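Student: Single-letter residue listing:
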Amino acid sequence: MIDLMEELGKKTPRYSMKYRRLIEGFARKGAVDYYESGEKSYDLGKFFTNFYEFYLYSAFIGLYINNPLPFDKDEKTNVFWVPMRDWNSNNSAQTVQYLWMIMFVKSELDFNALEDMDQKGVEREMLNVSRLIEVYANGGFDFINSKVTENPAFFDDDDCFVKLLKEVEN
Amino acid sequence: MIIKSLSIENFQCYSGKLEQNTFEFRKGLNVIIGDNGSGKSKLYDAFFWVLYDKIFDSSTRQLIHTSEVGTGIVSDKAKASCEVGEKIVAKVQLKLYNYKRSSSYPDEYILERSFTIQKINHSEDYNDPENWKVAANSVTSIEKKDIINFKPLHETDAFNKIVEKLIPTDMGKYLWFQGEQVDSLIDFKNENSLTYAINILSDINYYDSMIEVAKKVFNQAESAYKSELREKSKNENEAEELSKRQDNLEILIERDENDLEKVIENLEYAENFKDELLGKIKDAQELERIKSGLKSSREKINRLNDNLETARKGFNNNLFSKQWILRNAGSYFKDFEYRLKYYDEERENKKVDHKIKVQQEAAKKNRLPENVPNATYLQDMIDEKVCFLCDRKFEENDSAHQHLYDLLEKTKKTRVSISDIVNNDFKTFFQNLYNNGYYLKTNVIENVDSSIAKELERIELLEDKKKDAIQEYQLLDQRFKQLLDISSIEEEESKDIVRNFNQYDKDKGKFERLKFEIEQRLSSNKKELKEILEKMKHNIGESINQDTVEKKEVLETFLELAKSTRSMVYEEQIQRIEEEANKHFKKMTADNKSVQGKIILKKIGSNYMPKNVDENGIELTSINDSNIILIKLATIMAIVTAKGKSDFHPLISDAPTSKFGDNYTIGFCNTIDNVFAQSIILSYDFYHNMALRKRLLDEVDNLGAVYVIEPSIREEDRANRKELSTNITLLN
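The listed protein sequences derive, respectively, from chains A and B.
When we follow the working numbering, the leftmost residue of the first sequence carries the number 1, and every step to the right adds one.
When we follow the working numbering, the leftmost residue of the second sequence carries the number 171, and every step to the right adds one.
Simulated from the structure, these hints should not be mistaken for lab results.
Hints are not guaranteed to be accurate.
Said to hold, decoys possible - In silico EDC-like links for lysine to aspartate or glutamate, alpha-carbon gap of 16 Å or less:
(1) B:520 with A:159
(2) B:504 with A:108
(3) B:773 with B:446
(4) A:163 with B:619
(5) B:624 with A:159
(6) B:597 with A:3
(7) B:597 with A:110
(8) B:461 with B:666
(9) B:757 with B:666
(10) B:680 with B:441
Just so you know, these numbers come straight off a predicted model, no measurement behind them.
Based on the provided sequences and hints, a complete structural model is requested.
Tutor: Structure representation (structure tokens):
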């Protein structure tokens, strides 16, 4: 029996290497350091406790501005070593499932057809869902990056990412 | 005895012959003015060295002997120009006048100390002791003027005798001191120091000896009286017994009297210290209360700061912890809901289709309509072993029974299972996504904006609270500073004041209780002792020798007399010192308009302490450093002059006025020149301050010689000591 939660959960979405510095600038690499040092993300001048939190944020931004941006053909990409099933700090697990829910809508995947597929077919479709997350996150990164270039002072405020959320109200 | 002159030859920075480095002194106040590093301390050393063979080492703050200083005693300039084989003699010569009441002509003495070194190596390095042969000791000589010429005195110890006469050992530290030592001469924290000074400088010890003698002879007389009482008793055993009890009681009474004295002394200390703090305690308590308020206010501000920082910097964290990130994602839920509905319908359709298919296949086989007979009837027929359609009976396991049984099984198989219609059942997964979405949509997403607003409100509230806390802190701090100014209590002092005040109060209570207990015990023991003595008197068979009785009584009176005389003389002495000290104090502070109060010598236990009080006798607590020094100097002068001893001894002091302003300095000069027949002070104060120098020359009544000393080479060339000598200029 195929477990979709597991199929999607084991995916480690990719991001374009050109946003590596952007990600490192705003997010801490992992929560492990946080637990060991007792420091909070903002003690290090970072807005996000984990890379994947920023990734999730970008995916939602990409979604809100409706900017699914596929990687270029020869785009250099990288993956997070934490699979999506483990994106569970700070209530993230619920948020991840909500994103999946949206992606199932956006992908226009036929749920009934999916149930008729064989293992390989299901795996292919789940990869497509994961790829869709990637393109929305990529669109989000692109938008944030442009914002940083245009108005770096915007990100001086502690509430900048909440403000940005309001700006992209659809 | 006064100092006529001081001459110096090749001693430290004073290079050249005696004649080149001579200071002639007069009666009254002599002043040697010099800048820092001009040779004042070396001059002070020259005085000390000629008399005591020691100089002051400024690095160790100790006096060191000539043998330890070695070639350092000798002028660098003299050493630098010395050839191999040549000798250099460092020399200090003091001319003294000893005025006698019997003659208007003084005895004249010359005291001299010299120290010789000889160059033995060709070497430029004159500071290397290896290049010098150094005398083991310095050499002294003393000469006395005999009508026309000075002739050596050969008497053993003549030198030391004259030194002792000039500056008696016990008075030395009060006649000869550096400004910085004044504090320790009369230490306000040590109650003994004034008592010690009075004992040294007055003849109160004479009365102490008198009391000792009186005590001794009285004890002898009393002892003789007691033995006679015992010897002449009618009942020897009883007399023995009473005598023993008497001895015991006397021991107890003596012990209690000693204890009582100590307890009273401690009680006085406690009362005195408590009284001293009385003027400060209210302010100190208030300061402590404010301090504690400031502390908690600071903690509150820090706490609010932390909370505010966490709230501000952690604001972004709410994107996940409060799921603000989903703020714009509500509309997608509806789409999913629609898709899920469609999916469910499709599954139902599939189920129905499948079921129909299965039933059609079954009907084909049975040739009976669908569900005829239905499963319930089939089971009833099997149970009752009769066919309801044809009414035929059958037996278990016969062909009719088997047919009905197969029919029943087929009917069961027409129920559609999910696995019959799909390869994978993802219903749970999609339903979970729906449930999660439904929860977030209805409970979170719709409330994101109000959640953000609430958080912003919370931050604003924290900011307001912080503002209030800062204002509260500032008000307290302002009150604290005002109180510090008004009360003249040091910031760190209030805690000690409150603690000490409470402790003294507690001590006072304790000593009062002790005093009462001892007094009670003493009274009872004395009563018993009196009764014993009465009994003993009654017991005697023959009368006691009248001489013995009288002797005892007279000596008892003598002892009491000695004690009261001592006490009276001491009180008079204290009163005289107090009056003298106030006279000096008043004169020294005459030009200062601020309130100076007066000096009282307050009795604390068996000691006295100088205190500065206002006209109502309330102790002044806000006196500054220079006033404290003035009080001490006035007290020292009063002690020294109380018996007119200053007529015979000069006062020599290095920088006694360094902590004073101009008026106090002139006040001090004008006082000291009247108190001491001769005083010599070394001072920096008049060097650059020309106005003050003019006031010294114009305003001081009894002014002696005033010199300015300056190094022969400029300060920037001072490292080259080969040429260093000291220029001495007389100003008047």
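Student: Hints the structure violates: just list their numbers, smallest first.
Tutor: 1 and 9
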